[in-house]
Structure formats: C-alpha cells, structure tokens
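Based on these hints, arrange chain B on the given structure of chain A.
Going down the list, the sequences are from chains A and B.
Going by the working numbering, the first sequence opens with residue 1, and the numbers climb by one from there.
Going by the working numbering, the second sequence opens with residue 1, and the numbers climb by one from there.
Keep in mind the hints are simulated off the structure, nothing from the lab.
There may be inaccurate statements among the hints.
Take a look, some chain B residues computed to stay more than 10 Å from chain A by CB distance [said to hold, decoys possible]:
hint: 1; residue: Gly42
hint: 2; residue: His70
hint: 3; residue: Ser91
hint: 4; residue: Ala150
hint: 5; residue: Gly174
hint: 6; residue: Pro176
hint: 7; residue: Tyr179
hint: 8; residue: Asp268
hint: 9; residue: Phe283
Simulated DEER-style distance windows between Cβ atoms [as the list claims (entries may be wrong)]:
hint: 10; chain 1: B; residue 1: Ile53; chain 2: A; residue 2: Thr185; range: 29 to 35 Å
hint: 11; chain 1: B; residue 1: Val129; chain 2: A; residue 2: Asp263; range: 45 to 51 Å
hint: 12; chain 1: A; residue 1: Ala221; chain 2: B; residue 2: Pro227; range: 51 to 57 Å
hint: 13; chain 1: A; residue 1: Thr185; chain 2: B; residue 2: Glu291; range: 50 to 56 Å
hint: 14; chain 1: B; residue 1: Arg180; chain 2: A; residue 2: Asp212; range: 55 to 61 Å
hint: 15; chain 1: A; residue 1: Ala266; chain 2: B; residue 2: Thr117; range: 54 to 60 Å
The beta carbon of each residue, even a glycine, is placed where N, CA and C say it ideally should be.
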Amino acid sequence: MEFNANEIRDLKKRAAQLRSNLIDMVPPGKVGHLGGSSSIMDVVAALYFKVMNVFEDPRDPRRDRLVFSKGHAVLAQYAAFVELGYVEREALKYVKTLGCTLQGHPDMDQTPGIEAVTGSLGQGLSICLGMALGFRLDQKASRVYCIVGDGEQAEGQIWEAAVAAAAYKADNLCTVIDVNGVQATDSVDRVLANPDLYQKWEAFGWHTIEIDGHDMNQILAAFAQAEATKGKPTAILARTVKGKGFAFAEGKAAYHNAAMNEDEYAQAREMVKKMMEEV
Amino acid sequence: MGTGNMRMAYGRALLELGRTNNQIVVLEADLGKSTMSNIFEGEFPERYFQMGIAEANMISVAAGLALTGHVAFANSFAVFVSGRPYDQIRSSVAIPHLNVKICGSSAGLSDFGDGKTHQSVDDIAIMRVLPNMKVFSPADAVETAKVVMAMAEIPGPCYIRLNRNDLPDVTDPGEPFEYRNAKTLRDGKDIVIYATGYMVYQALEAAKTLEADGISAKVINVATIKPFDAEGARAAAVGMKAAFSVEEASIYGGLGSAVCETLCSGPDESRIPVGVIGIRDTFGTCAQSYEELLKCYHLMPEDIVAKVKDML
Chain A
1 MEFNANEIRD LKKRAAQLRS NLIDMVPPGK VGHLGGSSSI MDVVAALYFK VMNVFEDPRD
61 PRRDRLVFSK GHAVLAQYAA FVELGYVERE ALKYVKTLGC TLQGHPDMDQ TPGIEAVTGS
121 LGQGLSICLG MALGFRLDQK ASRVYCIVGD GEQAEGQIWE AAVAAAAYKA DNLCTVIDVN
181 GVQATDSVDR VLANPDLYQK WEAFGWHTIE IDGHDMNQIL AAFAQAEATK GKPTAILART
241 VKGKGFAFAE GKAAYHNAAM NEDEYAQARE MVKKMMEEV
Chain B
1 MGTGNMRMAY GRALLELGRT NNQIVVLEAD LGKSTMSNIF EGEFPERYFQ MGIAEANMIS
61 VAAGLALTGH VAFANSFAVF VSGRPYDQIR SSVAIPHLNV KICGSSAGLS DFGDGKTHQS
121 VDDIAIMRVL PNMKVFSPAD AVETAKVVMA MAEIPGPCYI RLNRNDLPDV TDPGEPFEYR
181 NAKTLRDGKD IVIYATGYMV YQALEAAKTL EADGISAKVI NVATIKPFDA EGARAAAVGM
241 KAAFSVEEAS IYGGLGSAVC ETLCSGPDES RIPVGVIGIR DTFGTCAQSY EELLKCYHLM
301 PEDIVAKVKD ML
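Looking at chain A on its own, in the form it has when it is part of the complex (with noise of 0.2 Å):
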C-alpha cells in the first residue's frame, strides 16, 4: 500500500518535532526513558496525527484510545500531547517535578490526553480489552490501541489479555509491540529469551503483522489492515530501534532510563535539527 506522499512526508516531520519534544524534557542530567519512548516515536506520530480519531477536546467521547501498557515510554505521548494542544509546550520543561502535569507514568488524574493509568508492566492490554468489550456493547465506534513492549512480553497477565480478546472477538482492538530487542537491563535475549512472538501472537488467534515501525508506509499500512481486519484482535510487531534518531543511544540498555551528559545532550540537538531538515 502507497500513501500520499504529502501525507508520508509530514508525518515524518510530526516525528522529528515529538523527537525533539522527547529531549526537551530531559535536558542533560535529568534522567527519563529515552530509549524507549524513542523507539515508538514514529509509530505514536501515525496514530496521533492520521490514524487516531482525536478532537481538540482530549475527553471528546467520540475519540479513539491509545494506552501506553509500557507506561514508562509516555514522554512520547506528552511529546504529542504538546503538538494536540491538550498541555502547554511550557510543561515540558517540568516532567517528574513535583506537582507536574506530565509525571513519570500514565497518570489520568494529571494529565489530559492519558486515558489510563500503567506503568505496572502487563496490565495495559487487558484495560485496552476492556474498554474495547465497552464500546462494542455501547455500539461505539471508537477503536482502542495499546503500546506493549517486547520485554513486557514475558508478563504473563499479556498472554490473559491475549487469549481473551481472541475469545471475544475484538477487532475494534490493536496492540502495537515496540520489538526494539533491549530492556532494562540488557537485550531482550539475554535477559529472559522469547522469540517467535509472530507465531505466538498468530496461534493465540490475532492477526499478526510484522514491520519496520520506523517505515511510515509499513506503519499506515498495517493500521489500515488492522481496522479492515473483522473477527479478530490485531497484533503488530513493529521491529524498531531503541534510542531511535540518537545515534549514541541506538540499541543501548544503558539509555532505557538515564540521563545525557551536556555532550551528548549537544548531539541529540544536532540530530533532531538534521531529522526536520531532512524531511
């Protein structure tokens, strides 16, 4: 499938721009999950700037869900959160103080635009279903997207929400899991091994995708497929890079929730600054 290439084009520059929202909350020496909010920037830009039914008002009832189940990468939600006008560009500069807006994890009572509270690993898939069964009994047409990482994989309450959502049909459901390989502490390999998650998600009964979800052709593709896709739950598997856009952080454990030196902080700036340019 081809998209506009207008359309390809600008949400490559929404990217880069949420790219930048990222490091302008964590200025050098103050610590935040880099790595993976980076990892699923390109992915949250496509939803929320063409995929996603949003309205200026973050409570319209109309709006499609996105839930972040890895609660800990929402500085990339905040990063659009800016850009859909539901919080001040100025909050940016406060993530994690106290009495903030943007806390460190999904907070509905903060923050406008959350739509639940996660960051305890495993439960943002089985909220998603719920508010999926929700919608299909009140006849809505809302549909619901949920974020799971690939380390969050290994909690077993993913695998509940799993089988239920099969059991119950929900094709008004889609789960993107960021496969950027890397976790907290070490790749996902080395820390507790799980391949085959294509299959996996397959014989659980979801229609399964895999893409690059850097890619925003493969990206919108497989959205389009997912909300054509009746009978079943769909499941991307976006193959992407932790740390995305920053070269010093690509791929690296040590960048999952730390902190830049005014150095690197330096070279982030550079390498958001060449991302909107080269768009």
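Quick look at chain B alone, frame taken from chain A:
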C-alpha cells in the same frame, strides 16, 4: 428471624441492578455458579463477561469497562480476587479511582472444606490498605442486598466480602443501609463489641450469655470497614470498660486494627483497652463443617465470652 445466603442475595441484587441500570456489567473468573453471578448472566448474557481462570486480566478488563462508563462488578472467591490480582486492583483500578466493584465470595473460613488455599484471612487487610478503596462486610443476606445496591451508587472502587454459608438474619429488613455508619444492634453499658460479617451474630449470641453473667455488652455491626466510622466507634466507647473487635479474618490489618487505630487516637474518654478477636496470624485448614472450623479458630460466642471475661 430467618436465615439467608449472602451469595444468593448478591446474585439477586446484581440482577436487580442490571434491570435498572444498563451500564452495569459483570465479570467472572469461572466461579459464577458459586459467586451466583450467573443469576445476572441468565438475563443479561451480553453484559456478562466470562474471563476464565485469569483474575489479573479480569480486574484490568473491568477497569477498561469502567473507563468506558460502565459500573463493573468482578467476582471470584475472596482469596483469588484480592490477593492474586492485588497489583491490578492497585494500579488499574484504585489509583484512577474507577467504578470497579470487587466481590470476594466464600470469604474468611466459610469455604470450610477447601482448606487454607481457599480461605481468606488477609483480604480485609489488603483491601483496606489501598487508598481510594472502600471495604464492606455485611452481616447477613438482608444487608448484603442493600450494600450491593449502595456500591453501585458509591463512586469509585469497592470491595465486598461475602460468606458462603446459610446464615441467620441479624439486621432489620426495614432499615436502610447507611454507608459508613456503624449500627448498634444491641445496647449495653459495660463493654462494646464491634463485629463484622457473620461475627455480628456470634457477638450478639455472646452478649446474651454475658448479660446472664451480669456483663452488659453493646454490639455494633460494622458493615463498612473502610471508611471506618471513627466518630461512631469513639462515641460508643465512651464510658465502657473495654472494647472488643470480632472478625473472621486476621487480627492484623482488619477491623481490629481499625478499632485500635481509632480509639487510641481519639479523645481521652474513648481511649479504652481493646481486645482484638480474629484469626491469630495463621492460615485456614479443612473441616467437615463451618461450625467445626469456627470452633477450631476460637470464633464461637463462647470464645468471645471467654475473651471478654479474661480482659475484664
């Protein structure tokens, strides 16, 4: 007074709620024939979600349903719906204060035959410690129905613990359930007994014996364990020689703790000694009857009488 079954009362209350409120949904973890949630299923299959033997998923799915405007009742045995999905209750439900109503059925020692894995000694404590959670423990089937109806109206997460067995009625069907307010069922002037669940009946029986022995006992039914009726509890303690708490649960973290925390921090006149009666830091065990088990765990009226006399 007659007898009733809390589980049956629960199932019928769910059905009644379903008939008056189309946002009520019910989730079950394959114990619907025991929790009696299947009564609801019979009439509202589309609003009944069988989640299989996967309690963690069930609780978070309930959270998702609540996030789309539904009032979600999630059921299982008390052990399996409190301890096992504790973190799901904490994170998915309690932090965002969602309308998820958790029913811990066959609570305490009431599932006498199934032994320690199936008997909940800790559910009150672990639900009580959660911010935003309200904890209910009705005294009989009559009160159970009223509490369930109230839970649907009270905003945010609630937990209710229910007994498995047929039990005598102790509350007045004509009186409304008052959220939070502990209710005096028998007046007395020497001691006050705060009891919850089936232990309210046991305390009332104990009070009769004590009366005959010249000790006048006030018996208070604490159906709302959290938020605890601190004001009522303190008022009832004024002028008494001692206070007692009785619960079919661990002596740690439950009603006894609530009573102690309340009386010790109140004004001087209500600061009286407290005898905490409950399960003494041990798990359950199998027995051939409920009564046999209650005897074994010293939760019979005569045990309450002995404890009172011992303290006085």
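Hint by hint, here is what the structure shows:
{"no.": "1", "hint": "Gly42", "result": "holds, 18 Å"}
{"no.": "2", "hint": "His70", "result": "violated, 6 Å"}
{"no.": "3", "hint": "Ser91", "result": "violated, 4 Å"}
{"no.": "4", "hint": "Ala150", "result": "holds, 23 Å"}
{"no.": "5", "hint": "Gly174", "result": "holds, 37 Å"}
{"no.": "6", "hint": "Pro176", "result": "holds, 31 Å"}
{"no.": "7", "hint": "Tyr179", "result": "holds, 23 Å"}
{"no.": "8", "hint": "Asp268", "result": "holds, 38 Å"}
{"no.": "9", "hint": "Phe283", "result": "holds, 24 Å"}
{"no.": "10", "hint": "Ile53(B) - Thr185(A): 29 to 35 Å", "result": "holds, 32 Å"}
{"no.": "11", "hint": "Val129(B) - Asp263(A): 45 to 51 Å", "result": "holds, 46 Å"}
{"no.": "12", "hint": "Ala221(A) - Pro227(B): 51 to 57 Å", "result": "holds, 53 Å"}
{"no.": "13", "hint": "Thr185(A) - Glu291(B): 50 to 56 Å", "result": "holds, 54 Å"}
{"no.": "14", "hint": "Arg180(B) - Asp212(A): 55 to 61 Å", "result": "holds, 57 Å"}
{"no.": "15", "hint": "Ala266(A) - Thr117(B): 54 to 60 Å", "result": "holds, 59 Å"}
Of the numbered hints stated above, those contradicted by the structure are hints 2, 3, listed in ascending order.
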